[in-house]
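Undergrad: Here are the chains, one letter per residue:
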Amino acid sequence: MTMVADRPERLEEAAVATPEFEKAAERAASRRGFLLSLPAYAYLVLFFAVPLGIVMIYSFATRNRFGGTDLSGWNLDAYRKLGEPIVRDILFRSLWLAILTTLICLVVAYPFAYFIATRTPLVRNLMLVFVMIPFWTNFLVRNYAWRVLLGNDGLFTNISEALGLGERELLFTTSAVVIGLVYGFLPFMVLPLYASIERIDLSLVEASRDLYASGFQTFRRVLLPLSMPGVIAGSILVFVPSLGAYVTPEILGGAKTTLLGSYIVTQFLTARNWPVGASLSFVLMAVMLVATLVYFRTGGRNL
Amino acid sequence: MSDRGDHQVSEQIAAVKLTAITKRFGSVVAVDNVDLEIADGEFFALLGPSGCGKTTTLRMVAGLEFPTEGSLKIFGDEAGTLPPNKRPVNTVFQDYALFPHMTVEANVAFGLKMQRVAKQEIAGRVQEAISLVRLEGLEQRRSQQLSGGQRQRVALARALVNRPKVLLLDEPLGALDLKLRQEMQGELKALQREVGITFVFVTHDQEEALTMADRIGVMNEGELLQVGTPAEIYEHPVNRFVANFIGQTNLLDASVVSNDTVCLANGVHIPGKSDLPVGTRVAVCLRPERAGMHPPEEVPPDQQSVVGRLESVTYLGNALVYTVVLDWARLEVRRENQPGGYRPHVGEEVAVSWTLDAISVVRA
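In the order they appear, the protein sequences are chains A and B. This note's numbering numbers the first residue of the first sequence as 1 and each following residue consecutively. This note's numbering numbers the first residue of the second sequence as 1 and each following residue consecutively.
Please keep in mind that the hints were generated in silico from the structure rather than gathered at the bench. Some hints here could point you the wrong way.
[To be verified] Taking CB as the label site, the calculated pair distances span:
| # | chain 1 | residue 1 | chain 2 | residue 2 | range |
| --- | --- | --- | --- | --- | --- |
| 1 | A | Ser37 | B | His101 | 51 to 59 Å |
| 2 | A | Glu20 | B | Val321 | 53 to 61 Å |
| 3 | A | Thr118 | B | Gly174 | 19 to 27 Å |
| 4 | A | Leu224 | B | Tyr315 | 53 to 61 Å |
| 5 | A | Phe48 | B | Ser50 | 51 to 59 Å |
| 6 | A | Tyr246 | B | His101 | 36 to 44 Å |
| 7 | A | Asn158 | B | His101 | 43 to 51 Å |
| 8 | A | Ser37 | B | Ser50 | 22 to 30 Å |
| 9 | B | Asn33 | A | Val107 | 43 to 51 Å |
| 10 | B | Val29 | A | Glu169 | 58 to 66 Å |
| 11 | B | Pro88 | A | Ser37 | 57 to 65 Å |
| 12 | B | Glu128 | A | Gly215 | 28 to 36 Å |
| 13 | A | Thr118 | B | Trp328 | 50 to 58 Å |
| 14 | A | Met285 | B | Arg24 | 43 to 51 Å |
We put the beta carbon where it would ideally sit given N, CA and C, even for glycine.
Throw the hints in and build the complete structure from the sequences for me.
TA: Put into C-alpha cells, the structure is as follows:
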C-alpha cells in the first residue's frame, strides 16, 4: 500500500509528459489491479488449488490394511484400478449419461432459447424469469419432488397406465436419472443459448430465406454456426456437472446404476480407499479441464 | 434487354403487379390498397418518408411479409403466399445482412448452393458476379474486413449471382457517405443496364430517386399517391405532398375558379389549368428555378407576377436563392450565377413572375 500512497506526489511534480512518467503510471495501474483482485486470488489458491494438490498427492499413495492411507511408497496402483471392469463400466456409464443429458438439453433448449430471443423485450424478460424460478427452491427438494412424480403411484405411472402402456416403473432407473439431470441442468443450457442467439442479427435469417434456403437450411447454415459459442458454453455447463452429479443419481437412480459421483463417495467413506477415490476425482477433473479448454479454443472468449 | 422485342407476350406481363394490396399490423395499416405495375427491365423507385409503407411493400414482394389482402403477381404468377425461397426475386438488404461467418466468396455462393447448382457452375458464376461488382482479390475476406462500399457490392453480387427476375433493394445506399453514395448511384444504374434485370428500390432520398429511376412511385401513410417518370412527378405532382416532397417548391394557396383560372389567396385571378371542380382548394406549385424576378414595373406582359420584399439572398456558388416575402406567402427564387442581370438588394421591392407553363395546379 505504501507504493500506492506515495505515487500521487511523484506524479504531480511532473508537468511535462515523459516516457518515465508513462511507465510509472502503467505500473501503478497494474499494481492497483493486482491488489484489488488479491482477495479472490487468495481464496482460490487456499480453498481450491491447495486441496487439489492434496487430492493429487493422495491419488499416488497406498491404502494400508487398516483403511488408512500411507503417504509413502508412491505408486500408480490407484490409477491402474480405474482400468478394472467395474470402475470402467461406471466411468463409461457416467460419460454416456452425461452426453445423453447434454444432447437432450440441447435439443429441448435450442428452440426455446430461439423463441425467447425473438420476443419483445418485455416478454423476453418475463420468460427469462420463468427459466430462473426453479432456482428459488432447494435442489434437493426438487429432486425429491421428482421422486414423487416418477414413483409407483406418481403422475407418470398413472399417465402410462391411462394410455394402456401398463405400469411403468421409472423411479430408480437410468431414465429417471436422465430425466432428473435434464430437469436440473436445462437452465444452464437455455441461458447461454439465449445470450448468443439474441445477438444474431435476424435480418441474416431473412437474407438466408431470400437466398433460397429452407427453414432447416437456414438453421444449419446460418443460425447454428452463429450461435456455436452458446451451444458449446451450454454443453459444457451441462456436461460437466452431469458427469460428476451426485445428488440426482442418489435420489432418483437405483443401486444398479452407480455413477461416478456416488462411486467416489463410496471409496472415501465406505471402502475407505482414499487413493482410488482421489485418482477418480482427478481423472474427472482432467476430463472437465479438457472440455473447458475446448470451449476456450473454439471461441468461448467471444461470449 | 436485347430479347425484349422478340416476345410479344413478355412485354405485356408486368414483372411485379400489385392489385389492391393491403398490409395491416394489428390495427396499423402499413400499406393501404395499393395498385402498382412494374414493367420488365424497369428501374423503379418507391419513394417516401420513413414509415410510409415503402419498405413493407418491398418486403411483401420479397416474401418477408405476407399481404393481408390483395393479389401480388411476379411475372404473371400469383406469389402473395409463397415463402421467400420460392420466389424468383432477391433482395439487397438495407444493412446488407452479409453472413459474418462466411467469406465474400461463400456469401456470394450461398444462394446457388441452396438451389443445388452444380459445383463447377457455382465457381464460374460466383467469379463472374464478383468481377461484375469489381471485387476481385477480396474473395477470401470476411465482411468485417470490408468497407461500407465493398459490403454493398458483396450484397449486390450475392443477389445478382442468382439471376433473379426482379432485384429488390432496400435503401441500398443509405449506409454510405455522400460521396460514395453519388458514385454508387451511377454504378447501380450502369449495372442495371448491363444485367437488364428489373430493379425495384426503396429510398427516402428524392434526389436519389430522380437520378436513378425510370419511374417513381411516391408513397405516404401507406398510400401510393403517384406513379410516373421523374419528369412527370417533378413537373406535374398530383398533390401538395408530392410537390413538397420532390425537390424544392413554392406553394401558393388558391382555389379553382374555372378549368383554366384559379384565384390566389390575395384575391387575384390568374390563369392556371386544372380539371378539379370549381371551388376546390388548391396550391399553385412554382419551382424556385422556374420563377423569374424583375423590378415591379418591368414584368414582361406575357407573365403573371406577385410583388414582395426581398428578405434575404443565399449564395450557393453556382446559384443564388432569393427569399421574397409577401404578406400572405413566402417565395424562393433560384437564379443561376450569371454575370450581369438583375441583382436586387435586400429590402427592395421585387416582382416574382412566371409563365403559364412554369406552374402546375395541385390539390392542397
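Undergrad: Are the hints correct? Go through all of them and say.
TA: Status of each hint after checking the structure:
The supplied range of 51 to 59 Å is broken by A/Ser37 and B/His101, whose beta-carbon atoms lie about 34 Å from each other. A hinted range of 53 to 61 Å for the beta carbons of A/Glu20 and B/Val321 is consistent with their spacing of about 60 Å. The hint said 19 to 27 Å for the Cβ distance between A/Thr118 and B/Gly174, and at roughly 25 Å that hint holds. Roughly 60 Å separates the CB atoms of A/Leu224 and B/Tyr315, a value that falls within the hinted 53 to 61 Å.
The supplied range of 51 to 59 Å is met by A/Phe48 and B/Ser50, whose beta-carbon atoms lie about 56 Å from each other. Separated by about 39 Å at the C-beta atoms, A/Tyr246 and B/His101 satisfy the suggested range of 36 to 44 Å. Our hint of 43 to 51 Å for A/Asn158 and B/His101 holds, since their Cβ atoms are close to 48 Å apart. Distance hint check: the CB atoms of A/Ser37 and B/Ser50 are about 49 Å apart, inconsistent with the given range 22 to 30 Å.
Checked against the hint of 43 to 51 Å, the C-beta distance between B/Asn33 and A/Val107 comes to roughly 45 Å, which is consistent with it. With their beta carbons about 60 Å apart, B/Val29 and A/Glu169 fall inside the hinted range of 58 to 66 Å. Our hint of 57 to 65 Å for B/Pro88 and A/Ser37 holds, since their Cβ atoms are close to 60 Å apart. A beta carbon spacing of about 29 Å between B/Glu128 and A/Gly215 agrees with the range 28 to 36 Å that was offered as a hint.
Separated by about 55 Å at the C-beta atoms, A/Thr118 and B/Trp328 satisfy the suggested range of 50 to 58 Å. The given range of 43 to 51 Å is broken by A/Met285 and B/Arg24, whose C-beta atoms sit roughly 59 Å from each other.
In summary, the structure is inconsistent with hints 1, 8 and 14 from the numbered list given earlier, while agreeing with the others.
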